[in-house]
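Start counting the sequence shown at 2; every next residue gets the next number (the working numbering).
If you're looking for bench data, these hints aren't it; they were derived computationally from the structure. Any given hint might turn out to be false.
Keeping only pairs whose Cα atoms sit at most 20 angstroms apart, straight-line, the calculated SDA-like set for lysine to any residue is [stated by the list, open to error]:
hint : residue 1 : residue 2
1    : LYS267    : LYS607
2    : LYS671    : ARG414
3    : LYS45     : PHE31
4    : LYS469    : LYS267
5    : LYS288    : ILE570
6    : LYS469    : ASP211
7    : LYS491    : TRP430
8    : LYS491    : GLN540
9    : LYS212    : PHE31
All figures in this text were calculated on a predicted structure; none of them were measured in a lab.
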Amino acid sequence: MFEQFYISMQQDIKLFVFFPVLCAVFRGIFIYTYKPYSLKGKWKVVKECFRFGFWWGMDFNAYVFLFSLLLITLPGLVFPYWHSHANFVRLMGGTIYAAILYAAFVGKMIFYFQFHDTFNGLVLLGRKANKRNLIDVFLNQYHGWTAILGAIPYTFACWIILTLLIRFPSVAYPHFSLPVVSYGFNVLIVLVVGLGFYFFRYGGTLIHDDKPEWDTIPDIVKNDVFLSKAAMDDLVALEYLAEHPMNDSLKHTDEEDMQSFETAAKEIGAALPIQKNPVYMSRRIAKGSMIKPPSHIFLIVGESYGQNYVDPFLQSLHVADGIKSLMNDPSAAVISNFLSAGIISRPSIVSLMSGIFDAGLELNEREAFWRGTVPTSLPVQLRKLGYHSSYWYGGSLAHGNFQHFCPACGFDRAMAATDFCGPNAPMSWVGVYDGVFLDKTAELIEQDDVHPLQFHFVYTTSNHGPYKMNLGELGFDTERIMPDAPDDVKHNKGIQSVLGTFWYSDQAISNFIERMKRCYKDSLFIFTGDHGGSCGELQHTSLMQRTYTFRELHCPVFMMQHPDITQNILAGNMIGGHMNIMPTIMELIGPAGFEYYSLVPPLTEKLSRVVTPYHWLTAEAIGDYSDNYYQMLAAISGEQVNMGNTPYIHISEAERNLSAYLLRHPELLKEAGRPSVSSLTFSDKFAKMVHMSDAGE
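Build the full structure now, drawing on both the sequences and the hints.
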């Protein structure tokens with residue numbers, strides 16, 4: 002019986018090998034047809050595109066072997082009739098799969114011709130389109146009959162090639178004189194088959210976390226917009242689309258969105274006329290600088306730096322002592338109930354940069370936002386005041402296409418630690434260790450004496466799973482750091498790996514801030530987390546013995562620091578959010594009459610609410626827009642929830658709709674070009690004012 006398995010299994014392998022080659026052929030046709038430039042000198046990138054695409058395509062192609070093994074080979078061991086027709090069944094199944102690949106490829110070719118992109122959320126718009134019109138467009142505009150008729154010779158050719166592969170001689174089953182050797186060989190074959198499938202299914206690795214996906218495309222390919230799209234097989238693109246469904250806001254008509262904006266404006270109390278570009282409704286006028294304008298502004302975002310780590314109930318852990326010491330400085334202002342703009346990292350970063358909510362639309366991945374931006378952009382507005390803007394990221398800019406998004410958003414330079422820290426820098430799963438990254442960032446900033454006014458957006462990465470850093474080598478010692486923590490916390494390796502990583506990141510960030518304070522004493526520092534963060538296992542220890550509250554789960558930390566700042570500058574606010582940061586900067590440093598754009602008010606004005614596409618927050622409660630539950634900020638356990646009507650829903654909807662509206666109207670996005678002559682004159686005056694102030698000290 003095993004001899005039959007051995008021979009039949011080889012038939013499954015022969016069937017499988019055809020499809021990665023077929024996908025490579027389709028990839029080659031796509032590149033040849035749509036390449037926007039000559040491939041001369043790009044063969045290294047093309048080769049890497051094909052290599053990565055081969056492994057990425059195993060998301061589907063590897064299952065050809067598995068299904069053939071499970072549905073044909075194994076049943077054939079029990080049912081002789083099924084075994085006698087096994088090759089015919091393989092040919093039928095293989096040909097059907099080849100036809101599916103052909104249909105997906107034709108669809109991708111048409112879609113790319115129309116939208117200059119692989120399958121994305123716009124595909125789903127076809128569900129409500131006039132089906133007859135779609136068929137007419139397919140048959141006439143895109144020569145659909147050619148594609149349909151072409152399927153006939155294509156299918157025949159696939160059948161012939163698969164037949165030849167199936168008929169290719171198999172390796173004979175070896176016979177051994179000793180039964181024990183025979184059994185050992187059989188076991189070895191089974192293990193090789195299992196591991197082999199796993200190895201191919203996960204893209205040439207036995208480590209699940211290393212499998213190919215969009216974020217792991219090699220930088221050399223990711224930096225090439227066209228070839229990064231070519232690396233994705235068509236079924237993989239459709240799978241990605243299914244896993245990232247289109248935001249409902251993209252389905253709206255312009256009239257529906259305009260009505261949404263008007264409703265939200267009334268709820269906010271703004272009597273503003275709706276314009277073709279609704280962002281211009283957010284025009285504001287600065288009242289006059291509240292602090293001495295700084296030569297350096299730092300917006301530092303810590304990965305998963307949650308507010309709960311600085312709360313009193315975790316003070317015995319001492320993992321946030323670095324930032325807490327800065328918060329306790331008289332020149333600091335702090336808000337402990339603070340909402341992130343996104344529920345995961347990139348939407349928060351994109352929202353902070355652009356001044357509009359990403360709202361799950363992945364604006365950083367959209368080509369329209371690689372060519373232009375909105376008037377609410379933080380670096381664009383700081384440029385009006387003369388600031389040279391830099392983005393410093395602890396990982397690779399290719400992860401999320403920030404090498405395209407940042408320049409379009411207005412940053413004068415975007416720096417990746419994977420580049421400027423060197424190839425031998427220690428790295429976690431996401432990026433270079435925070436300490437190494439921030440030390441090198443500080444060094445490069447200190448070397449920049451060209452730009453008198455500088456804005457630095459710094460984003461760290463180390464406080465991120467899977468928490469495999471060697472914490473002992475990084476200075477973390479449980480007994481030294483948290484001697485008063487409960488024993489069940491100190492002796493839990495999983496908890497210690499999470500807390501130790503947080504401690505390391507906290508120390509790196511606070512040391513960076515202290516270093517920059519010594520170099521640039523007039524600096525404005527703003528520190529927050531990209532989103533909330535917590536150690537889930539702490540809930541089951543004697544330290545907590547409860548579940549996290551909504552606030553502890555969703556609120557990142559927030560702190561501002563400057564020689565002229567006190568807590569009073571926050572107008573008594575106990576709540577705030579990411580999107581309040583940009584207008585706050587403008588009100589702190591902008592001269593009277595300075596015009597800027599912001600969807601929300603600054604923290605220097607009294608806030609009654611904070612609303613995002615995901616959450617709402619008042620001085621009393623916090624809630625989620627995915628359900629009708631909310632929780633009082635005074636709650637001490639996650640179970641203490643309330644249910645009621647969801648407030649500010651029209652504002653939240655308008656925030657989502659605005660971003661989708663702009664995505665549907667890329668013509669409204671403007672290039673983040675250099676300042677005009679008039680704004681340069683204004684910037685020069687502002688810079689002189691800063692340095693005259695410095696000279697007077």
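Do the hints match the structure? See the list:
no. : hint               : in the structure
1   : LYS267 with LYS607 : holds (19 angstroms)
2   : LYS671 with ARG414 : holds (18 angstroms)
3   : LYS45 with PHE31   : holds (18 angstroms)
4   : LYS469 with LYS267 : violated (51 angstroms)
5   : LYS288 with ILE570 : holds (14 angstroms)
6   : LYS469 with ASP211 : holds (14 angstroms)
7   : LYS491 with TRP430 : violated (25 angstroms)
8   : LYS491 with GLN540 : holds (14 angstroms)
9   : LYS212 with PHE31  : violated (24 angstroms)
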